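Protein chains: 2
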Amino acid sequence: MPARLKIGKLVVIGVGLIGGSFALALKRARAVRQVVGVGRTRRNLAAALRLKVIDEVQHDPARAVQDADLVLLATPVGQMAAVMASIAPHLPPRAVVTDAGSTKRDVIACARRFLGGHFPRFVPAHPVAGTENSGASAAFAELFRNRCVIVTPQRDTTASAVKLVRRAWETCGAQMMRLDAQEHDAIFAAVSHLPHVIAYALVSTLARRRNAGQLFGFSGGGLRDTVRIAGSSPEMWADICLANRDALLAALQEYEDELERVRAAIESGDGAVLKRMFEQARSAREKWMVKKS
Amino acid sequence: MPARLKIGKLVVIGVGLIGGSFALALKRARAVRQVVGVGRTRRNLAAALRLKVIDEVQHDPARAVQDADLVLLATPVGQMAAVMASIAPHLPPRAVVTDAGSTKRDVIACARRFLGGHFPRFVPAHPVAGTENSGASAAFAELFRNRCVIVTPQRDTTASAVKLVRRAWETCGAQMMRLDAQEHDAIFAAVSHLPHVIAYALVSTLARRRNAGQLFGFSGGGLRDTVRIAGSSPEMWADICLANRDALLAALQEYEDELERVRAAIESGDGAVLKRMFEQARSAREKWMVKKS
Chain A
1 MPARLKIGKL VVIGVGLIGG SFALALKRAR AVRQVVGVGR TRRNLAAALR
51 LKVIDEVQHD PARAVQDADL VLLATPVGQM AAVMASIAPH LPPRAVVTDA
101 GSTKRDVIAC ARRFLGGHFP RFVPAHPVAG TENSGASAAF AELFRNRCVI
151 VTPQRDTTAS AVKLVRRAWE TCGAQMMRLD AQEHDAIFAA VSHLPHVIAY
201 ALVSTLARRR NAGQLFGFSG GGLRDTVRIA GSSPEMWADI CLANRDALLA
251 ALQEYEDELE RVRAAIESGD GAVLKRMFEQ ARSAREKWMV KKS
Chain B
1 MPARLKIGKL VVIGVGLIGG SFALALKRAR AVRQVVGVGR TRRNLAAALR
51 LKVIDEVQHD PARAVQDADL VLLATPVGQM AAVMASIAPH LPPRAVVTDA
101 GSTKRDVIAC ARRFLGGHFP RFVPAHPVAG TENSGASAAF AELFRNRCVI
151 VTPQRDTTAS AVKLVRRAWE TCGAQMMRLD AQEHDAIFAA VSHLPHVIAY
201 ALVSTLARRR NAGQLFGFSG GGLRDTVRIA GSSPEMWADI CLANRDALLA
251 ALQEYEDELE RVRAAIESGD GAVLKRMFEQ ARSAREKWMV KKS
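So the sequences go chain by chain: A and B. Residue numbers for the first sequence follow our numbering, so the first one is 1 and each next one is one higher. Residue numbers for the second sequence follow our numbering, so the first one is 1 and each next one is one higher.
Take the hints with a grain of salt, since some may be wrong.
Partial selection, computed: residues in chain B whose CB lies under 7 angstroms from chain A [as the list claims (entries may be wrong)]:
(1) Lys52
(2) Asp55
(3) Val57
(4) His59
(5) Phe114
(6) Phe119
(7) Pro120
(8) Met176
(9) Arg178
(10) Ala190
(11) Val262
(12) Ala281
No wet-lab data here; the hints were simulated from the structure. Model, not experiment: these values are computed from the prediction. Where is the CB? At the ideal position from N, CA and C, for every residue including glycine.
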């Protein structure tokens with residue numbers, strides 16, 4: 001059995017739902033000595049401090065990472081480049097850097113460019129967890145329990161860095177999985193990024209109608225569940241859509257083709273085809289989603 | 001205060017989630033003497049009898065409606081024409097007929113054509129309630145409590161018939177509302193029929209991929225909620241899509257236009273526009289859906 005994980009100084013850049021929950025889980029496990037939080041919003045950092053998500057606030061990322069053992073980048077992916085550029089010259093050689101971005105190819109490209117010689121100690125990771133709430137006050141220590149965290153290390157990523165990140169996430173209760181970065185992005189374009197686009201677009205469609213208030217007044221549990229994730233952070237999701245542009249556009253095209261097949265069946269009044277399509281969808285959901293849960 | 005509702009013989013044609021729950025709620029309120037269930041599937045009717053959803057099984061709708069006081073048509077809307085044609089010659093003059101269809105214009109047109117002289121005692125209604133489960137065994141007496149039931153009576157519908165139907169649904173705990181049939185169909189195309197099409201199409205898109213099993217394995221709560229209603233009855237929803245064809249195609253077009261706006265913003269890499277779109281959707285959801293529930 002390996003010795004218990006003991007991280008000295010953890011720096012969390014972006015103390016939101018993910019970054020905050022990571023800090024809370026490691027603190028609860030007594031696996032970290034000190035947590036320093038970095039962020040753009042004073043109010044959010046103050047809340048994080050008050051809720052003991054972090055032990056110390058530091059507004060300057062460059063100063064924060066001095067003496068760091070582990071740095072978690074948990075900002076929206078659109079900010080990774082700037083954050084990496086600002087911390088790179090100040091990282092102690094031993095520090096391991098990891099991220100929690102929902103897209104991996106773009107974050108890896110950023111890291112290669114902006115972390116420079118520190119790149120081998122950068123471990124790309126994606127914790128597959130979340131709620132539609134955001135900010136430090138939404139964080140909770142159990143968020144990652146039995147959830148999957150995917151790492152996409154590169155050929156030149158050092159094994160010891162991967163090991164530290166793996167042990168940290170396992171300490172949070174997560175199950176680790178390794179994937180190729182491109183494969184990761186294609187999968188999450190389909191199962192996560194596309195559904196978010198769909199949910200936002202459906203709400204927008206209804207909101208554009210003249211009688212939007214009346215419309216939503218008649219909505220039931222079906223619509224409510226379908227658009228729950230339209231409550232997610234607009235900034236984070238705009239970033240993800242652009243960061244995973246190609247894979248998302250491909251998934252969106254497949255989905256629009258599917259909608260066109262449904263439209264054609266409705267237009268031609270072909271109830272048998274429509275019923276078969278819906279039956280296949282119901283069976284797939286049953287087979288892969290209901291049994292799973 | 002009105003005397004308690006007392007229905008002699010209730011005939012439920014289509015003893016599924018809706019028809020079964022209506023029967024159970026009226027029985028629990030002791031508002032009905034006898035419930036006769038009519039349906040296509042012996043097994044479902046046997047379950048309904050065993051679960052005391054109905055008191056008697058009758059396979060022939062024509063025989064079932066003899067001596068009926070209230071007849072609820074709760075079949076998929078595609079079967080309404082055939083059912084109405086078969087019961088019309090056998091309805092006692094006093095019998096009130098109502099339906100539970102999710103679309104109203106087509107059901108009204110059917111009733112005008114097939115119920116003939118009995119049309120003034122037909123009350124078009126739509127209970128806005130449901131779950132993704134179907135069949136008599138999914139029925140429960142509380143399904144309609146605090147849910148909305150919309151009636152769309154016509155100029156020649158008799159007031160006493162509307163009153164009976166209204167009181168029956170109120171006895172089930174529902175809140176009544178009156179709408180124009182065309183307005184009803186446009187509203188539900190947007191808030192209910194479109195979301196179902198979207199959920200089915202999203203599951204189908206993922207299921208078509210070579211690595212569908214792996215994909216669904218990575219899905220989380222977001223996808224799960226977004227496609228929950230893809231578990232709904234394919235037959236019922238194929239019928240609804242065709243019955244409400246024009247209004248649904250219009251809503252689908254608005255939605256596809258919205259998706260095209262999102263696609264354009266992603267293609268051009270316009271993060272600001274994308275973020276604004278998502279913000280507007282989040283605000284609309286917040287304003288109209290979160291506050292409501």
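Inset, instruction - Provide an ascending list of the numbers of those earlier hints which the structure does not satisfy. - result: 1, 2, 3, 4, 5, 6, 7, 8, 9
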